[in-house]
Structures are given as structure tokens and as C-alpha cells.
Amino acid sequence: MIGHFEHPIVVRSLTKKFGLFVAVDSVSFVVEKGEIFGFLGPNGAGKSTTIRMLCGILEPTDGNAWVGGFDVRREPDEVKKCIGYMSQRFSLYEDLTVEQNLIFFGGIYGLESERLEVRKHWALDIAGLRGQEKVLTGELPSGWKQRLALGCTILHEPPILFLDEPTSGVDPISRRIFWDLIYELSNQGTTVFVTTHYMDEAEHCTRLGLMYGGKLIALGTPTELKQKLSGYTVYEVESTQPLEAMEVLQAEEWVAETSMFGTAFHVSVQNVPRAGLKIRKILEKNGFEIRKVEKTIPSLEDVFIHTVLHQEQNSFHTES
Amino acid sequence: MNIVPVIVKEFRQLRRDKRILTVLLFIPGLMLFMFGYALNFDVKHTRFAVYDEDRSSMSRSFIEQFTTSEYFDFVEYLTHPSQIDKRLDGEQVRVVLVIPSRFSYDLARNIETKVQVLIDGTNSTAGTIVLGYVNSIVQQYSLKIVMDAFQRSGKTSLTIPIDYRPRLWYNPELKSAKFMVPGLIAFIMMVTAVISTALSVVRERELGTMEQLLVAPLSPAELIIGKTIPYIVLSIIATIIILGVGFALFDVTIKGSILLLSCVTVIYLVAALGMGLFISTIAETQQVAFMIAAVTTLLPTFILSGFVFPIRNMPEIIQVITYLVPARYFLVGLRSIILKGVGIEAFWDQVLYLTIFTVIILSGTIVRMKKALR
Ligand SMILES: Nc1ncnc2c1ncn2[C@@H]1O[C@H](COP(=O)(O)OP(=O)(O)OP(=O)(O)O)[C@@H](O)[C@H]1O
Ligand SMILES: [Mg+2]
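First to last, the sequence lines map onto chains F and Z. Residue numbering for the first sequence follows the numbering used here, beginning at 36 and increasing consecutively. Residue numbering for the second sequence follows the numbering used here, beginning at 26 and increasing consecutively.
These aren't lab readings, by the way, just hints derived from the structure by calculation. Please read these numbers as outputs of a predicted model, since none were measured by experiment. Glycine included, each C-beta is placed from N, C-alpha and C at the ideal position. One or more of the hints may lead you astray.
Unchecked claim - Keeping only pairs whose Cα atoms sit at most 20 angstroms apart, straight-line, the calculated SDA-like set for lysine to any residue is:
hint : chain 1 : residue 1 : chain 2 : residue 2
1    : F       : K313      : F       : E329
2    : F       : K263      : F       : W289
3    : F       : K169      : Z       : R40
4    : F       : K313      : F       : M281
5    : F       : K116      : Z       : Q38
6    : F       : K313      : Z       : K43
7    : Z       : K43       : F       : K116
8    : F       : K169      : Z       : Q38
9    : F       : K169      : Z       : I28
10   : F       : K155      : F       : L171
Unchecked claim - For each label pair, taking beta carbons as the anchor points, the in silico distance ranges come out as:
hint : chain 1 : residue 1 : chain 2 : residue 2 : range
11   : F       : G204      : Z       : L46       : 26 to 34 angstroms
12   : F       : E149      : Z       : S244      : 19 to 27 angstroms
13   : Z       : T47       : F       : D215      : 41 to 49 angstroms
14   : Z       : G269      : F       : G163      : 26 to 34 angstroms
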């Protein structure tokens, strides 16, 4: 139980089973104050389940967690007082106006009228909705809704903030603005725990946990994680019929991994001299039309795929 | 204290939901109006036939009492007893009067005589009402004979001190509308309480706002009470509207204690809200919640509570099921208070059953809620 008072979030062997299915499998990590801690993983990896346990709304099957120094099992009510939580399906009351939503969420968090007034204006500012107080929330574009939702979540200025896929379904510009807000909060000392599907967003995080099949398969800063691929060279390839091309390359014993990357795909190789040339040759021989073969900096996605494929399940628990 | 924002929010959402407001405030009045006039249970123009074995002027004058009444329409004279069953079975008529051959003979000698009345009881409610009319006409006719006899005996200025008119207790003019008022109150309260709580909780879950409420420092009790108060207010307004319409159109007044009425109503409301919450812990979507509510609470309240059909006329198995319908107990209480004006001593057992039901449903709900919320 060392240190769960100094750290805003301490998780030890946290496990959640739904019947026989293990959704979260003995996950351990620590989040430092003011960090933006990212949880990255595909659908069903157990990200939301972990967050829900940390917020005190889902009882863990096993293990422990402390949030704000409180045991999520035994003191869920205390935990709730020091967190803000924007769930994956967060939705505001669309049949209420912008202002009525703010008043409601401020109210249930027990803000008295003066502070509510101040915070309400602050939230309107960050959401860019000043002057739109009387607009029905259902009529707002999704980017604005999302920012208003964030505003509602942090009206009571929680020191710890949980955001579960806050930017899913939001346009890139709104995502950008949203992340600027998260940075600002973190600069002011708020600890932010955020889950995401987007690899580019993950790059914004101070530290990352990679979740896969309920397990935490890697943990570290984005740079640290990318170093896992040291010794590997990653090539970005653009060609016709990329899926078939990937198959052909994967069949070569000197190719470590291939993965789709937007319209292109990545090929990583370990200590293969002039690999770029070899890739070109193979593809040309098989009749693919090549538009590009270039060395590239490994992205987090490459790290992710690499890690998953190698099933590096030995724990990455950081000690505190 | 955190309950206030929940109440305010719920009221705001309610105010914007025109559909629900219309249903809850307009429909009760409309239903009462419909039941009172259009679907009036006063059964008029009942078709009847006569098998007259007497065929005297006396029997004709008796039959005339029926033919001149707006409640009965004369169809035909039957010529053979075998026709009686045929006409009733074929539903050509709903009532057959059988006048025995001794009819005028007996009356002339001041001997009591008997008339047979056969009523098609397929629709038991209507049958009972028709029987009431028959009784009333027969008794008036008897009275007329007695008075004629007196007059013939020379005592010209006979005044009968007692208004000898047959009466059905509690609903003297057989005005069904009056009888409907308590039933409607029970029904509307059930609709408001069950539908609103079940739907409003399930809707929050569907939209994902429930999760947000769960992480707020808000206890489940605060949340539930906050959510239900607006609907309780609405049910009470609906009740007042029903009572008002009942008074304006049918002169229904509350004969008994308003305090007693309020107490019984609160127990019933809590039972109804409990049922609504219970449904909300089972149903995943609003449609499912609505269906469960309709089948388990609305229909039974309408059909099995004694609101429309008398319980004692139901098949025995169905009668047993009616014990699970809280409106059954509530209705007895309501009718006792509103129509009869009697005190608690007349129906305390019903209140006791209602209370037991309420406690059971609430405990079940709390257990399920605890599971569903965590
Ligand atoms: N209440 C529940 N009962 C049964 N299984 C559940 C429950 N909640 C989640 N699961 C299962 O647990 C697994 C992890 O779910 P979780 O929502 O944590 O994934 P996630 O990483 O958040 O995925 P996504 O990116 O889709 O949000 C999934 O396979 C899901 O089906
Ligand atoms: Mg999720």
C-alpha cells in the first residue's frame, strides 16, 4: 500500500470478470499528479471497464485501486467527490438548453450559486458557447457538444479527470481544440486519465498504457515505447492492392511485421541491409505498381502491433 | 439538498415534453367525458319480447310500462314458450317478460303474483343495470296498483308519506359516470406513476446520462426521489382535474374525508412508483419498459381492478390474480370515501392489503436497484 496517498491514481492487480470472461486481467500502474495518462487499445480491450472501476461505479472482482487516496472498493463515495468522469457514451440532456445543462450538473455536484455562476461562464468560454446559453443542446454541432460535456464534467474543478474516448466521432479541428483544453488542465495540475483509439492522440500523452485483451501489455512514455522498436527499421510503402502486397511481403522470412497505415502500409525489418531495395524487388516481381517505399519513424501503431505480436506479457509495472 | 437540481431538471424536461403533458393532463378529462357520455353504461333501448299468457287489459297495461320507457324497445309478442330461448340465444332480444295466465286474476283478488324476467347476462355489467331498470319499473307499477286500489275504495286524497322509489345504493340514478370517477383516478395515477418513472429512468440509461449521474455525489435515494417528485405532482394535478370534471359534469363530490383520501392515495402512489422503478431495473429500452408496464400494470388496473368489470363476476382463477392488482384495494377505498363517504373502519382491511403490497414491491425494488446501480 505504499504511496497511494502521494499519487492520484494507484492501481494494483485490478481484475474484473464478467462471469467467466476476464475483461480486465490483473492490471497495475501508477499515475503521477498532473500527468496526461493515455490508455490505448482496440475495441473490447478493457479500457472502459478499468475506468468504471476507478470511478467507483463498478466493483472490481480482484485487486485494489486508490483514486485521490481513497479505496475505490471501500470508499466509492469519497472517490466520486474528487473526480470528473466523462463516460464513453457521455451525452448531455438534449432537451435542455446549454445553460440548463450547466445548472443541472453544477447542482448535483453541490456548487453554490455564486461559484456556479463563475464556473458556468468559464465553461461557456471553453466550449465557445458564450451567447448561446438559451440554445437547445440537441441543436449544437457535435464538436461543441463534446466541449460542453467536458465543461459540465469539470464544473466542480476535480483534481482527477477521467475521459473515456472523449473525441470519438468528432471532427479533427474540434479534436485539436479539445486536446488544447486537456493540455491546459494538465498544466494547471489536473491529472488526466484518457482512453483513445487514435494513435495520433496517444502521442500527446505524457505516458501511455497499451491494453490488449484485458491485459496491460506495455507502459511508458511515447518515446520509451518507440524504443521497443530499436533495431527495427520501418518502411512506409504505397502500392496498388496493398493487402495483397502485404501478404506477399509477410511471406518473406526477413520481414518482421506488416500493417496497414491509412492508405499505405508499414513493413518493419530487423537488421536487414538495403531492405528498401529488397521490398521494391519483391513487389515488382509480383506485378505490384509501387508509388513509394520510404524509411519512416516508427509510430505508436507500429509499437502496438509489434508488442501485441510478440505477446510481451511480462509486466511493465512501474514501481513507486 | 442535491435533490433540488434533479427535481428542477426533471420539471424542465417534463415541460418540454408536450406529449406526456397532454397524455397526463388532457386524457383523464377526455376519458371521463367519454365514459360519462359516449360510452355511457346507462343501458338504453334494450330490445325485449313478451310472452303473455294472460292477454288481459291488466297485462297490457303492465307491458306498456316497458314500451313507454326509453330504456326498453318492444320487439314482439311471443306465441310459444319455445321461442323464448330462441330469441335470447339468437340475440334478437336481450330481455323476455313472461306474464303468467294468473296475472290479472291474482291482482284482481289482491294476491301477490309473479312475473318472470329473463335477461341475457353475457355482458354482466349491462345485465345488472337492466335488471335494475326492470325492478324499478315493476315496483312503480306495483305502487300504482296499490294506489288505484286505494282510490277505488273511496279514500280519494291519499298521500303516501314515503317516496317509494326503488334505489340502488350509492349510485341512485345508476349514473355510471359517477362510478367511473374513482376508477379513473386509480387508472390515471397508475399510468402517470409507472410510465413516467420507468421511462425516465430507462431513458437516462439509454442515453448514457445515468452513468454520469452515478459518479456524481448523489445517492440513489436522492436520485430516485428527485426524479419521481415531479410526476407525483403531476398525478395529483391529474387527480384534481378528474375530480373537477367529475363534479362539473356528473355532480360527483367527495362525501368522505379528504385527509383520508390523501393518505390512501399516497400509499397507492408509492406502490405505483415502486412498480415503475422495478420495471426500470428490468427493461433495457424505453419500448420494452413501456410494454412491460402496459402488460403488468396498465391493463390489470383497467380490467382486473373492478374499475370496469365487477370482480365477483370473473372466473375464479382471474379473481385470484386480482389480488396482485393494487388498484383493486385502492378502488374499494376510493369508492368508499368518494361515493359513500364512510370512514376507515369500513375498509381498513383493504388499506392494510394495499400497504402490504406497497412494502413488498418497494423492498423488491430496492434490492434490484442496488444490483442495477452498481
Ligand atoms: N457489464 C458487462 N457484462 C459483460 N461483459 C461486459 C460488460 N461490460 C463490458 N463487458 C465486456 O468486457 C470487455 C471489455 O469492455 P470495455 O468496454 O472495457 O472495452 P473497451 O476497451 O472500452 O472497448 P471500446 O474501445 O469498444 O470502448 C468487452 O468484451 C465487453 O463486451
Ligand atoms: Mg470503452
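Status of each hint after checking the structure:
The straight-line distance between the Cα atoms of K313 (chain F) and E329 (chain F) is roughly 12 angstroms, inside the 20 angstroms bound, and the hint therefore holds. With a C-alpha separation of about 19 angstroms, the suggested pair K263 (chain F) and W289 (chain F) falls inside the 20 angstroms cut-off, and the hint holds. About 15 angstroms separates the Cα atoms of K169 (chain F) and R40 (chain Z), which keeps this hinted pair within 20 angstroms; it holds. Taking the CA atoms of K313 (chain F) and M281 (chain F), the gap is near 14 angstroms; set against the 20 angstroms cutoff, the hint holds.
For the hint linking K116 (chain F) to Q38 (chain Z), the alpha-carbon distance of about 26 angstroms lies beyond 20 angstroms, and the restraint is violated. As the CA atoms of K313 (chain F) and K43 (chain Z) are separated by approximately 70 angstroms, the hinted pair breaks the 20 angstroms bound. Distance check on the hinted pair: K43 (chain Z) and K116 (chain F) sit about 36 angstroms apart at the alpha-carbon level, beyond 20 angstroms; violated. Between K169 (chain F) and Q38 (chain Z) the CA atoms are separated by roughly 14 angstroms; this keeps the pair inside 20 angstroms, and the hint holds.
Restraint check: the Cα-Cα separation between K169 (chain F) and I28 (chain Z) comes to about 24 angstroms, which exceeds 20 angstroms; the hinted pair is violated. Restraint check: the Cα-Cα separation between K155 (chain F) and L171 (chain F) comes to about 16 angstroms, which is no more than 20 angstroms; the hinted pair holds. Distance hint check for G204 (chain F) and L46 (chain Z): the Cβ-Cβ separation is about 33 angstroms, which falls inside the suggested range of 26 to 34 angstroms. The hinted window of 19 to 27 angstroms between E149 (chain F) and S244 (chain Z) holds, with their beta carbons roughly 25 angstroms apart.
Range check, T47 (chain Z) to D215 (chain F): about 46 angstroms between beta-carbon atoms, so the 41 to 49 angstroms window is met. Remark: the range hint 26 to 34 angstroms for G269 (chain Z) to G163 (chain F) is contradicted by a beta-carbon distance near 49 angstroms.
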